[in-house]
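Trainee: Each chain, written out:
2 protein chains.
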Amino acid sequence: MDSIMIYVPIIMALIGLAFMWAKRAWVLKQDAGDGKMKEISDYIYEGALAFLKAEYRLLTFFVIGASIALAGISYIVPTTHILIVVAFIFGAVFSALAGNMGMKIATKTNVRTTQAARTSLPQALKVSFGGGTVMGLGVAGLAVLGLTGFFIILFHFFMNGTWTSTEDMTIVLETLAGFSLGAESIALFARVGGGIYTKAADVGADLVGKVEAGIPEDDPRNPATIADNVGDNVGDVAGMGADLFGSYVATVLAAMVLGNYVIKDMGGSIDDAFGGIGPILLPMAIAGFGILFSIIGTMLVKIKDNNAKEKEVQGALNLGNWASIALTAISCFVLVKYMLPETMNMEFFGEGLKEISSMRVFYATIVGLFVGGVISSVTEYYTGLGTKPVLAIVQKSSTGAGTNVIAGLATGMISTFPTVLIFAGAIWASYALAGFYGVALAASAMMATTAMQLAIDAFGPISDNAGGIAEMSELPKEVRTRTDILDSVGNTTAATGKGFAIASAALTSLALFAAYVTFTGIDGINIFKAPVLAMLFVGGMIPVVFSALAMNSVGKAAMDMVYEVRRQFKEIPGIMEGTGKPEYGKCVEISTKAALREMMLPGILTIGFPILIAVLPMLIGYDNKLIAEMLGGYMAGVTVSGVLWAVFQNNAGGAWDNAKKSFEAGVMINGEMTYKGSDAHKAAVTGDTVGDPFKDTSGPSMNILIKLTCLIGLVIAPILGGHDVVTVVEEVVAIETVVDEVTSPESKEISIDKTKSADGVVTANVTINTTVDGETKTSTQTFVGTDEEVNAKIEEFKKQ
Amino acid sequence: MDSIMIYVPIIMALIGLAFMWAKRAWVLKQDAGDGKMKEISDYIYEGALAFLKAEYRLLTFFVIGASIALAGISYIVPTTHILIVVAFIFGAVFSALAGNMGMKIATKTNVRTTQAARTSLPQALKVSFGGGTVMGLGVAGLAVLGLTGFFIILFHFFMNGTWTSTEDMTIVLETLAGFSLGAESIALFARVGGGIYTKAADVGADLVGKVEAGIPEDDPRNPATIADNVGDNVGDVAGMGADLFGSYVATVLAAMVLGNYVIKDMGGSIDDAFGGIGPILLPMAIAGFGILFSIIGTMLVKIKDNNAKEKEVQGALNLGNWASIALTAISCFVLVKYMLPETMNMEFFGEGLKEISSMRVFYATIVGLFVGGVISSVTEYYTGLGTKPVLAIVQKSSTGAGTNVIAGLATGMISTFPTVLIFAGAIWASYALAGFYGVALAASAMMATTAMQLAIDAFGPISDNAGGIAEMSELPKEVRTRTDILDSVGNTTAATGKGFAIASAALTSLALFAAYVTFTGIDGINIFKAPVLAMLFVGGMIPVVFSALAMNSVGKAAMDMVYEVRRQFKEIPGIMEGTGKPEYGKCVEISTKAALREMMLPGILTIGFPILIAVLPMLIGYDNKLIAEMLGGYMAGVTVSGVLWAVFQNNAGGAWDNAKKSFEAGVMINGEMTYKGSDAHKAAVTGDTVGDPFKDTSGPSMNILIKLTCLIGLVIAPILGGHDVVTVVEEVVAIETVVDEVTSPESKEISIDKTKSADGVVTANVTINTTVDGETKTSTQTFVGTDEEVNAKIEEFKKQ
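Here the protein sequences come in this chain order: A and B. Just remember that the numbering used here sits 5 ahead of the position in the first sequence, which is counted from 1. Just remember that the numbering used here sits 5 ahead of the position in the second sequence, which is counted from 1.
So here's chain A without its partners, still in its complex pose (with noise of 0.2 Å):
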C-alpha cells in the first residue's frame, strides 16, 4: 500500500523548482548593463557554455561506457537489475541539468549584480544572492525530485508498491545506488575539470599579465582575464553544484539502505501508517522540508542599509543560513516522531539488537545539524580574514616566502585536529544514539539545508565576476567596492563552504560505508586480516597521489596558458595599448581542453582501483567474502585519508589566500604598516600560489573521491555476496511450546531452521529444549533430504 507521504518529497521539490523559477525570471528581468559590460558578460556566458559542452561531450563517451559496463555486471549478477543502467543514466542527466542550470543563471546574474551595484548596495546583494538561489534550488529541487521519482518507479516496478521483504527492497535500492553513481561520476569530472579550469586560467592570468607584464588583474587587455572569470563559474559554481548535488543524493539513498535494514531488525516488517517503509521514507521527507526551509532561510538574506560593511552582509547570510537549521531541527522533530515507530529494534555490532526510542534519531539528526554549522566555524577561524592563525602566517611573510609557505602548511596540518575530533565524536555520538542509522541520518539532516548552503556558495563567484565585470567595463571606483564588499564575504562563504561539504562527504561516505557492509552481508571488516591492512595503506594513499595528480595538471595547464598570453601579447599589434582586441576565445579554448584532458588520469585512478581491488583477488580465487572485506578496508583507507587531506588543503589554501589579501588593508608586522607591494607581501603571494590548487583543485576533489569510492564499493557489493546467489535460503524458525503429557509438568520448545540448497535438497536443523524443574536438557538434531522427507522425520523427531 502506498502511503500518501511518499510523494510529500516530490511535491517539496516541485515547489522548490517552482520557486526556483520564479527568482530565475526575477533575475533575467533586471537590468543587464550597457554595451561594454554586456559584451564583457556575453563572453563569460559563452565561455561557460562552451566548456561545459565540451565537457558533456566527452562525458556522454564516459556514460556510455560505463553504461555497457554496467549492463554487463547486471548480466551477470542475477541480483543486480538492468534497470540499473536506467537510473545511472537519469543519475548522470540530472546532474549535469542541474550544472548547467546554475552555471547558465550565474553567468546572467553576474552582469546584473554589477548594474545593481551602480545604484545600491542591498540591490546588488538582492541579485547575487537571488542568482545563487536559483542555483541552490535548481540542484537540491533536482536530487530530491530524481531520487524520489526514481524510488517510487523502482518501488512499484519490483514491489508493486506493497511492502514485501528486505530483500526485495535491497534491490530497489541497489538500483536506485545507480543514480546516486551516475551523479556522482559526473560530479567527479566536474569538480576536478573545473578546479584544473580555474586554477589554470587564474595562474596564467596572473603569471604573465600581474608578473611579466604589471598589469592589473581583471584588465581587459589581458587575454586571459575572460578565462579566468570563466573559471570561477566552472569551477565554484558548476564544480561544487554537481559536488553537492552528489552528496545529498547519495546520502539520503544511504540512509534509506540503513532504514531498510531497521526494518529487517525488527522482524522484517513493521506496521505504520506509510506502507510499512516509514524508515526508509524519513530521510526522503527531511530532504524535502529542507528545501522548504531553505526557501524560507534565502528570504531572510537582505540588508537595508548602503553603507553596510561586510559584517553586515555575512550576517544576513548567517541569519538565512541558522534560520534555514533551525527550522529543519524542528521538521526533524516533526517527521521522526511522525513517521518512526515510538521504540526500534537495531543491531549493534557484537551488542545484539537494542530497543532505541525513536527521539535518538532526533538526536542524531541534531548532531549532524551540529557538525554542519560548528565545521564552518572551525574553518572561518583557520582561514578567516585577521583570525590568529592567520595572522601568524602574515607575521612569518616578513622572513620571506620558505617562512609563510610552512606556516600555512602547518595552519592547514594542524587545523584537523579539531575537525577529525568532531567527525570523531559525531561518528560516535550518532551510532551510539541510533546505529548507523543515526549516522546517516545525521548526514540527511546536515545536507537537508544544501540549497541554502549552495545559494550561499554560488553567491561568492558571481559577486566575484561581478567585481571583474565592473573593473573590466571600466565603471566608477564606487562600483567596484561595492562589489568588493560582496566578493570579500563571498571568499569567506567559499572557505566555509568547503568546510560544509567535506563534511557532508565525510558522514555520506560513513553512511554509504555502513550501507556497503549490510549490503555484502560480511560481519565487519577486520583489519587484523593481513590482505584488508594492505587495502588499508592502499586507500590511504589513494587520496594523496590523486591531489598531486590534480596538482600537477594545474602546473601542465598554466604552462600553455602562460605561452598562449605570451604570444598574444607579441603578435597582436596594441594590444598593450588597448587598441587591439585580445583573443579570448582562444584562451577559453586553452583552459578547456587542457581541463578535459587533465581530469582523465585522477578520474581513472578514482574509478579504476577499487574495481581493480575487487577483480584481481577474484581472478586468483579469493574468497568473495575477503575480497568485500578488502575493499572494505580500502573504502576505509581512502575516507580517513581522503578526509585528512581535504581538510588539510582546503584549510591551507584558505590561509594563505586570506593572508595575502590582509596586505590590501595594511597588516602590522614587527611594529611596522606593510602593505601590498613589499616583499612580504610577495612571499604571501607566492604562499598563496602554492595554495591556489590547494583550496580549489584538489582539496574539494577529495569530497568526490571519497564519496565516488564508497558508491563504487556499493555497487560491486552485490557481486560480493550481497545476496547469496548459489543457494536460495528459505528459514523457517517456528517456536513451538508444549506441554508433554506423559511426564510430569514439563516445558518443550521446539525449534526448526530449515535451508533449501538451489538444488532443492533441504536441511533441517531441529532443536528441542526440555526444561524440568528449571533445568533445561537440548536435543539437537539435522535431517537431510527433500522437504517431504524432512518434514517427515521432524514430525517423528518431535513425538519422542
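Do not take every clue at face value.
Since copy identity is lost for identical chains, a pair holds within one copy or between any two.
[To be verified] Under the rule of at most 25 Å between Cα atoms (straight-line distance), these lysine-lysine pairs were calculated in the DSS-like manner: (1) Lys782 / Lys798; (2) Lys561 / Lys687; (3) Lys687 / Lys215; (4) Lys113 / Lys58; (5) Lys34 / Lys131.
Honestly, the hints are just simulated from the structure, not real lab data. Quick caveat: nothing in here was measured; it's all calculated off a predicted structure.
Assemble the complex: chain A is given as a structure, and chain B must be docked to it using the hints.
Mentor: For chain B alone, coordinates are given in the frame of chain A:
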C-alpha cells in the same frame, strides 16, 4: 633446558662491540689536524655534548616519571610484573648510551676526515666511514646485547630457563617490551629534539648569514655556524641512531612475541634442539649474525683512486651494503633451516590452522630484504640529483618559488604511490607466506644489517662536518673538493637511509600491531564498529598534527636564533672583519634550549593520546575488548597515515634539496644554462627552506611516532585483557568414544567443557553425540555448581 643458541646473539654482539672498539681506537689515532681545525672541531664536540647532557638531564625526569607510572600499572595489573620498570630503565639507558657513543665518535671523526682529505680522497673515505662504522656497530651491538641479555635474565627469572607454556613466555615478553619502550621513548625525544635543533640552527644561520649579511655557508664569522655543525650530529647521527636502535629492538621483540604464538599454534610446545623455543630465538639469531655480516660489509667499503668521483664512492658503499644483505640472506636460509621445525602449524585469521614449511619463513625474510633494498632505490629515484622528478622541479623553478613549491609537494605526494604499493605487497606476501610471524621476520631480516645502514648514514654528516671544518679553517680548495664529494654522496645516503628507516618502522609497527592483537586476545579489529572507526580517524590525524607541531617548533626556534645572530652582528665589534670573535656558545645554547622546550608538546601528544584512548572509555565503563579494538584502530590509523606523511615529507624535502643543489653545477632551463644566483635558483632555495623541516624534523619523526604508538599499545595490552584476570578458566575437554551396550551398534561421543570462575563456581557444558545408522543425535546439558557436584551430575548424565 637452555640451548647454547640463546647465547650466540650475545657473542655476536660482543664481537661487534669489540670490532667497534678497535675501529674506534684506529679512528682516534688518526691525525686530528692543527690549531684552527682542532679549535673548531672542539667547539662542535663540546656543543654536541652540551646538548646531549642537557637532553639526558631532562630525560632523566621523564624516565623517572614513566617508571613510576609503569610501576603503578604493574601494581594494578596482576600480569604486569614490576621488572618491566627495570627493563624500561635499561632500555632508556642503553639507547642513550648508543646515542652518546655514536655522537662522540662522529664529532671526533669529522676533523680527522678533514685532515685525511689533505692527503687523499681514499683516506678521507676510510676515516669518515670508519667513524660511521663505529656508530653502526655500537648501536647494533648494544641493541642485541641488551635485548638478548634481558631476555635470558627474564627467561630464567620467570621460567627457570625452561619452556613451560605460551602464557608464561608471554609474561617474559611483556616484561621485555619495557626494554623496547624505554629505547623508543628516548628515541622520540632524540629524533624530535635533534630534528628541531639541527633545523633551527641551519635555518637561523642561513637567514641572517647568507641572506642578510651575505657571507657564505660555514663562514666562521657567523655565530650560528658551530650550532649548525653541531646540529648535523645531533639530528642526523644521534637522532637516526636512536631511531634505528628503537626499530631494531622493537622488531626483534615483535618477532619473538609472534614466535611464541607459533609454538602455541603447534600445540603449546615443540621439541627442538633449542629448548623448545627455536621460533623465539630465531629473530635474535638473525640479528646477531647480521652484525657479523655488517662487519664484513664495512670492510668492503673502500676506493683506491684519488681522482674518484661521487659515482665511485657511492659504488663502494653500495658494494658493502649489498654484500651484507646477500650474506644476511644466506644466513637467514641456514638459520631458518637449522632452528625451525621443518613444518609448523600457524593460525591464519579466518582460515584456521595451516601447515607451513619452514622454507616459507625463509621466503618471508627475502621479502623483507627485498623491500629494504627497493625502497632505497625508489627514494633515490624521487630525490636523487639528475633524476626526472628532481629535474622537473628545477624546470618549475623558472616560473618562481610558488611553482617550485607546488612541484616539490607534488613529487613528495606522488612518491607515496610506489612506496605504499611495495609496503602493501610486502605485507600481503610475507603474511601469505608465514602469517604475522612471516611479517615480523621480514622486518627482522631487513633490520639485520642495521649496523651497515647506520655506518652509511652516519658517514654523511661526518663528511658534511669535515667540509665545514675545512671551510672554517680556510684550508686549500682541493680539501673542500674532496670532502664535497663525500658530502654529496652523503646527501644521497641520507635520503635513502630515511627510506630504509621508514620501511623498517612500517614493518616493525605491523609486527607490533600483530603482537598487540595476540596479546589482548581480541579476535581482530573491526572497523565496522563505529567507535573503532572513529579512532581510526583520530589516529590518522595524529601524524599530521605532530608534523605541524614539529614544523612550527623549527620556525619558532629559528626565529630565536635569528635574533641572537643579529644581536651579535650588531654588538660584537669587528665581527664582520674577522677580528671580533663570535659567541658560538650562545647560539649552541639557544638551539639546545629551544629543541628541549619544543620537543615536549609532540612528545606529550604521542604518549598521551593512546593512554587517553585506553583510559577514557574505561572510565565510562566500556567493555575492555571494545577498548582494545578502539586502541587497535587508533594504532592502525597512526601507522597508515604516519607512513604516508613520512614518505611524503622525506621525499619532498630530499627532492627540493637536490633541485637546489642542481644549480651548483648549472642546469638547462628553457634552453639556457642557469646557475647559482639566478632567479630560478632563488626560487629553488625557497623550496629547500620549506623542505628542511620536512626532511629533517617532521618526516623522520613519523618513524618514532608510529613505533612508539604501537609499543605503548603493546604495554597497555595486558590491562585490556591479555589474560583474563577476573575469571580463571580451566578448560577440560574430554572426548570419549564409547559403545552403548544396550541398543544396537551405536557410537557415542562425549565432550565436556568445564569453566571455573574466580569465586570457584564451575560451569560444565556436556554434549553427547550419539550416532545411529549414520544419523547423529546430540544431547547437551549444562551443569552449574561446585566441582564435585558438577562431576557427579556429569557421571549421571553419561549413564543415561
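Trainee: Could you run down the list of hints and mark each one as holding or not?
Mentor: Against the structure, the hints come out as follows:
1. In this assembly of identical chains, Lys782 and Lys798 lie within 25 Å of each other by CA distance both inside one copy and across copies; the values are 21 Å within and 13 Å between.
2. In the homo-oligomer, the alpha carbons of Lys561 and Lys687 lie at most 25 Å apart both inside one protomer (23 Å) and across protomers (22 Å), since each shortest distance falls under that limit.
3. Taking CA atoms no more than 25 Å apart as the test, Lys687 paired with Lys215 passes in both settings, with 12 Å inside one copy and 20 Å between copies.
4. Taking identical chains as interchangeable, the C-alpha atoms of Lys113 and Lys58 lie at most 25 Å apart only when both belong to the same chain, with a minimum of 17 Å there against 70 Å between chains.
5. In this assembly of identical chains, Lys34 and Lys131 lie within 25 Å of each other by CA distance solely inside one copy; the values are 13 Å within and 85 Å between copies.
In this structure, none of the earlier numbered hints is contradicted; all agree with it.
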